[in-house]
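Colleague: Sequence:
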Amino acid sequence: METKQQFLEEINKVKGSKRDYLNKLFQYVSEAVIRAAIHKNVKKDEFIIRAGEPCDTVYIILKGDVVGVDYQKLGKVYYFMDFAKMYIVGDFEIFSEDTNYNVSICASKDSELLAIPASIYWKWIKHDENALLLRIKNIMTILTSEKASDRKYMFMSCKSVL
Numbered sequence: 001m002e003t004k005q006q007f008l009e010e011i012n013k014v015k016g017s018k019r020d021y022l023n024k025l026f027q028y029v030s031e032a033v034i035r036a037a038i039h040k041n042v043k044k045d046e047f048i049i050r051a052g053e054p055c056d057t058v059y060i061i062l063k064g065d066v067v068g069v070d071y072q073k074l075g076k077v078y079y080f081m082d083f084a085k086m087y088i089v090g091d092f093e094i095f096s097e098d099t100n101y102n103v104s105i106c107a108s109k110d111s112e113l114l115a116i117p118a119s120i121y122w123k124w125i126k127h128d129e130n131a132l133l134l135r136i137k138n139i140m141t142i143l144t145s146e147k148a149s150d151r152k153y154m155f156m157s158c159k160s161v162l
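Take the sequence shown: its letter number 120 is residue 120 in the UniProt record's numbering, and every next letter is one higher.
Treat the hints as calculated values from the structure; they're not laboratory data.
Remember, predicted model here, so these are calculated numbers, not experimental data.
Be careful, since some hints might not be right.
Listed below are the simulated DSSO-like cross-link pairs for lysine-lysine, each with C-alpha atoms no more than 30 Å apart in a straight line [claimed, not checked]:
1) K123 / K13
2) K43 / K4
3) K63 / K43
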């Protein structure tokens with residue numbers, strides 16, 4: 001992107017609470033992030049992130065939906081999480097200092113993303129208190145929800161799960 005105005009115009013294409021969150025998050029975004037951000041169109045079933053690959057990019061989901069994907073031993077695809085409430089993917093690993101992505105994520109419908117190099121994103125967010133707090137709150141909400149869901153299934157009988 002060339003300017004902050006262009007960057008924010010991309011963000012403002014998003015609807016509802018996602019737009020509000022992203023506008024607050026990027027209120028004080030650095031010029032480095034703006035210059036490095038690249039708009040990407042991703043087709044349905046196209047991978048955005050592959051588990052085991054270097055964590056080098058953070059993606060802002062502008063339009064569309066993404067899901068977590070895992071492959072079973074028999075080659076069957078298992079969709080384990082809908083990322084509808086995750087507006088950003090690829091930064092969990094940055095916060096946990098992992099060098100590789102832990103999950104594979106693909107588009108469940110045609111999507112539009114902003115791709116930001118992880119090193120530039122990290123340098124910005126750790127110095128922007130507003131963005132850091134908003135992002136940590138969002139991450140904690142997601143992790144808390146996931147753990148509650150995990151506990152629900154952990155204590156079910158095999159018959160109940162099916």
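Colleague: Okay, which hints does this one fail, numbers in order?
Modeller: The structure conflicts with no hint, since it agrees with every one listed earlier.
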